[in-house]
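Engineer: Each chain, letter by letter, is given below.
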Amino acid sequence: MSIQFLQRTLKNHTVLASGILGNSKDILERVYENGCGLVTLKSIGPEQRDGHKNPTVIDLGCGMINAVGLPSPGYLNMENEWAELENRNFPIIASIYGGSVDEYRRVAEYVSAKKPDFIEINISCPNSEQHGMIFGINRESSRDVVSAVKSVISIPLIVKLTPQAPDIADIAKTCEDAGADAICAINTVGPGMVIDIESGRPVLAFKKGGLSGPMIKPIAVRCVFDIYKAVSIPIIGLGGIMTGEDAIEMIMAGASLVGIGTAVRYRGIDVFKKVADEMDAWLKSHNLSHTDIKGAAHKD
Amino acid sequence: MSIQFLQRTLKNHTVLASGILGNSKDILERVYENGCGLVTLKSIGPEQRDGHKNPTVIDLGCGMINAVGLPSPGYLNMENEWAELENRNFPIIASIYGGSVDEYRRVAEYVSAKKPDFIEINISCPNSEQHGMIFGINRESSRDVVSAVKSVISIPLIVKLTPQAPDIADIAKTCEDAGADAICAINTVGPGMVIDIESGRPVLAFKKGGLSGPMIKPIAVRCVFDIYKAVSIPIIGLGGIMTGEDAIEMIMAGASLVGIGTAVRYRGIDVFKKVADEMDAWLKSHNLSHTDIKGAAHKD
Amino acid sequence: MTTKPITDQKPVMLRVTNKKMENPGYATLFFDFNLIFKPGQFIMVWIPGLDEKPYTISHHSKNKFAVTIEAKGIFSRKALTLEKGDLVGIRGPFGNGFDIRPGQNAAVVAGGCGMAPLATLVEGLPESITFIHGARSKDFILFPDRFTIPREFCTDDGSFGHKGLVTDLLAHRITHGKPLDMVYTCGPEIMMYKVFELCETHGIPCQVSLERYMRCGFGVCGACVCGKQVVCKDGPVFHSKALREMKDFNKKALLKSGKEVDLSLYFSWRCQ
Amino acid sequence: MTTKPITDQKPVMLRVTNKKMENPGYATLFFDFNLIFKPGQFIMVWIPGLDEKPYTISHHSKNKFAVTIEAKGIFSRKALTLEKGDLVGIRGPFGNGFDIRPGQNAAVVAGGCGMAPLATLVEGLPESITFIHGARSKDFILFPDRFTIPREFCTDDGSFGHKGLVTDLLAHRITHGKPLDMVYTCGPEIMMYKVFELCETHGIPCQVSLERYMRCGFGVCGACVCGKQVVCKDGPVFHSKALREMKDFNKKALLKSGKEVDLSLYFSWRCQ
Ligand SMILES: Cc1cc2nc3c(=O)[nH]c(=O)nc-3n(C[C@H](O)[C@H](O)[C@H](O)COP(=O)(O)OP(=O)(O)OC[C@H]3O[C@@H](n4cnc5c(N)ncnc54)[C@H](O)[C@@H]3O)c2cc1C
Ligand SMILES: Cc1cc2nc3c(=O)[nH]c(=O)nc-3n(C[C@H](O)[C@H](O)[C@H](O)COP(=O)(O)OP(=O)(O)OC[C@H]3O[C@@H](n4cnc5c(N)ncnc54)[C@H](O)[C@@H]3O)c2cc1C
Ligand SMILES: Cc1cc2nc3c(=O)[nH]c(=O)nc-3n(C[C@H](O)[C@H](O)[C@H](O)COP(=O)(O)O)c2cc1C
Ligand SMILES: Cc1cc2nc3c(=O)[nH]c(=O)nc-3n(C[C@H](O)[C@H](O)[C@H](O)COP(=O)(O)O)c2cc1C
Ligand code: FES
Ligand code: FES
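Protein chains in written order, with this note's numbering: chain A, 1 to 300; chain B, 1001 to 1300; chain C, 2001 to 2272; chain D, 3001 to 3272.
Source of the hints: derived by calculation from the structure; they are not laboratory data.
Source: prediction; values computed, not measured.
C-beta atoms are modelled at their ideal positions from N, C-alpha and C, and glycine is treated no differently.
Only part of the chain C face toward chain B is listed, based on derived beta-carbon distances under 10 Å:
hint, residue
1, D2008
2, P2048
3, D2051
4, K2053
5, V2088
6, F2218
7, V2220
8, C2221
9, G2222
10, G2227
11, K2228
12, K2256
13, E2260
Derived lysine to aspartate or glutamate pairs resembling DMTMM-like cross-links, with alpha carbons at most 25 Å apart:
hint, chain 1, residue 1, chain 2, residue 2
14, C, K2247, B, E1079
15, C, K2241, B, E1029
16, C, K2252, B, E1086
17, C, K2072, C, D2051
18, C, K2019, B, E1198
19, A, K284, C, D2086
20, C, K2247, C, E2197
21, C, K2010, A, D292
22, C, K2084, C, E2070
23, D, K3004, B, E1245
24, C, K2241, B, E1033
25, C, K2247, C, E2200
26, C, K2072, B, D1050
27, C, K2247, B, E1084
28, C, K2064, C, D2008
29, A, K207, B, E1245
30, D, K3010, A, D50
31, D, K3252, D, E3200
32, B, K1299, A, E198
33, D, K3247, A, E33
34, D, K3053, D, E3083
Restraint-style ranges between C-beta atoms, simulated for each label pair:
hint, chain 1, residue 1, chain 2, residue 2, range
35, A, S2, C, N2063, 37 to 45 Å
36, B, D1270, A, R139, 42 to 50 Å
37, A, H286, C, I2074, 27 to 35 Å
38, C, G2049, B, L1076, 27 to 35 Å
39, C, I2074, A, K115, 56 to 64 Å
40, B, K1299, D, G3085, 16 to 24 Å
Taking the hints into account, I'd like the entire structure generated from these sequences.
Structural biologist: Next up, the structure:
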């Protein structure tokens, strides 16, 4: 059984979230072989960037906090990877970020020419001083980035949003109007901070970091629910999905596909297959199809 | 050992969060007898209001989601309680909310005349359509409410903020400039949504609700950290505090007092005594005082 | 769906597996599920799209439990229209339950639907106990044929058993026969108060199961406070000692808004 | 402070209880803590305010463990200045560790500081194993007097033992004596690669412990991927089977930025 998403055929509804493992073709392929329908590359930026010092990723039990700091080889330094990815047998999303509208445009144009299946603009990352989030909390800047990117690319555009926007549905609608083909929600929540009391220091080297995993699921579900009411383009729902039931919940909120990130930690790299199988089993036992449940939580 | 807070003497650093048990003098007294230094009444509104239908409060394992919906007898319908509270032997914060600047002012003026020790304005509650949160995410409206209330009361003013503000430190500074005597941070996070997949319905009757408890602690700590840098008035830090170590973490972020809400569920009504004792034990074993650790996470 | 444990966290959905109309106003809904519980504890019953309310467990066996609901307001009337196969959400159990003492000389005093939480209690008590049950009329006697332990009945209208109050029968029992060592009671609060007074007069320890408006069920929101007690968590069953200090017992209750009112007003408000 | 369990979640702070300078460039830091671990696993060591890096456990007993650190860059040089009483944060252990087979005819091949993870392994292996240890010079031979099992030494400059490479000694051993049934190795990647080649030629199964830049330590961030393998989680110890398919072994590594470079470039970058 395969499914359609923006004119592409995918083997199931699961998506690898950006920033999780997605550092090379080999590992992306392994994720795909482990049941993932669509894999996202780690966000690519305008220049080479190391990201923050460690600790950058800390597990908190019911999720994680991270401030990796958008490390990236820089879009011009990835020729090997693009060459390898040309001969892939799986669909990919190339995630990108920038520090200005112009940078987003430049990176997007270059990356789009490398023919990933989709391009995703991360206008929502909270872990860097200069990059990202500011665009996604504001209507005008979201629109500017989306229009600029849309005008230079030839592949479908996904916009990844932050739950820190005062009204995420409004931002989503703005992006749709500016030409976005799909919405991805949500990026990490917060930011948060964890202080080690023995040393009196924030544990993350960057001090603050985004929250992910089970503890953010209610926020992700609410965001997808709100966005679904506001737009008619498809939504990739993610944030805390661990099981097939979580995925069903996200789809009932209005998601077309479900992204998985942090759950790789808790259920292993084959979490994609597990979630896809659990979804199928649930649907089968309830005699329902994906179409039956999509947006089902919106009925009264 | 007792401590000072805005010219009042408190027996320790723990505060009962608003909306937790604080429905009558008897139960507030019991909370005080169980080790709480300062108790907050459930937020009082401009008129009698039932709040939402059930389910209103659901435990999620690493915290709770709630949309109680600001039930209130209405400030004019509480004569019995005020009469009882007049003869109290413990300090109280009266929390209030309104739907307009004028309502805040009216409720505040009336309540202030009943001589609670402090008044707290809740400009941050996300669980009602007309009330609250909108004031706390916006600089102008926060300022207007704070100035209006400040002008009609004769007791110290605490302003309770929401983490949904795009820049909570900026709001805190605005409130300080408008006359706030202390900041209370944070109210619940989100809102979030939990959908029951069997029925396809949001579990909360109001659909969305605020998150509290351990899962929001990193966000609360970050907010207090940010606010501490921006203001010089004291901060009541709350959100997910369960143990003495959590309280120490919050104080290191910059809090003067620590609020406790959801932990009543996990550790019982005597959580206040437990947390206070654990704090003392920790400080003693580290040969440190409260003053030594306050804001300690801000050193480099 | 029924394999997940039911906890005090988010509701687990169960299908009604059976429904029994006890009389025109009472129905018992059965569920196939192995619930771990103690007599006197309660669960929150969620009808999706409507509301969620606390109910006691009225039947309990290894793989089955039931709630017995009296049609009163919107929620309970709707509950009586549920049919086999309908989905409801359950969370719990909550509260402390009865403190069951091995004593041979206990009395159980039930009023109306207050029979519900006492039923599973009675099933665990020895044959020698005194078992008193009152209702407004014969039709409202819940579980007339359920117990092997003999019951003394009374009705308001005299249509079954003694015409009068359960307290008449209890007073009689106290002065005839072996001294009672415990009285368990559930029913209208005024009735329970009378039972408590009687017990106090005769120095008999007593346990009553209280009812207040509830939201969380686990001692956080404060909706259900009664004096210094949190009914959902410290109760719903209270011993004489707590009752003596509970100045709101049979006097005051909080409305949904948190407003404190006289108990009579409380019950009339709940009509809406 | 030392009573909390150390887990793979947030760092637990421990004080250095002892420090031993092994030579001017290596120090061993001891901690009093009962860490549950398997030889070959690693922990993340956090120096508050500086950085956090992976280190293997070099000593392990019921109530003590140690890490042995070679001064290379900013972090490790700082680590060598830590003193008794200083606080560091530890999380872990992470990774799979060595797959310890009961065979009597194993060889352990250590290069330089690669001795560290092998030390606790050797202590659990039988006397009959072959134990080869190379270093740049005599001073850099780690733990010279620690083991009861005899070691064959070699140094680059001939200042101690054989002048030459560990692979010389291993090749000799392979052609003299009972057939080896397992080779465990840790050291510079080029050395491990040579050991692996030698083992492949002679059909001997082998386990090598790889090193890559790490962030999370638990298989999420992707910093440490090497071909299809996630070094922190699938490794750091890999068997011959995985190594055969690992096209980046001894060839490529990801910089901190995620940029893929030749291994030589990777190690020179890490200077900074
Ligand atoms: C711990 C606990 C256990 C409970 N167990 C049961 C149970 O096993 N079976 C059951 O039927 N109910 C039980 N209840 C009561 C139940 O939760 C509901 O309050 C009841 O079903 C009425 O709900 P409603 O929404 O239909 O009516 P409401 O709208 O709440 O009230 C409707 C009408 O009934 C009257 N009324 C409601 N409750 C009482 C009362 N206790 N005494 C006298 N009049 C009353 C009101 O005055 C009003 O006239 C329990 C309550 C608690 C707190
Ligand atoms: C699983 C694992 C276990 C480890 N266990 C230990 C251990 O027990 N003891 C230990 O000292 N280190 C160990 N390391 C390495 C350690 O994590 C650091 O990388 C090392 O201490 C250097 O860190 P630095 O920040 O000081 O230097 P960097 O700034 O990272 O590098 C400084 C210099 O050292 C060189 N260099 C770094 N690593 C190597 C290497 N592996 N081979 C050759 N040259 C190198 C660089 O080229 C550069 O010249 C381990 C690494 C991993 C992944
Ligand atoms: C370690 C880590 C790194 C991340 N890096 C990125 C990134 O580079 N770009 C991006 O858009 N999102 C990034 N994210 C966010 C995830 O893609 C995802 O939106 C978020 O973690 C919520 O999903 P989850 O709860 O399933 O992890 C990162 C998350 C984590 C945990
Ligand atoms: C059931 C419930 C009701 C609440 N009601 C109020 C309220 O009326 N007014 C208010 O300012 N905050 C209210 N809050 C928020 C708490 O006071 C507190 O800010 C929040 O729960 C975070 O603290 P915690 O994690 O310790 O619970 C409520 C929280 C809960 C869980
Ligand atoms: S129902 Fe919430 S405290 Fe009792
Ligand atoms: S260090 Fe993060 S995946 Fe290995």
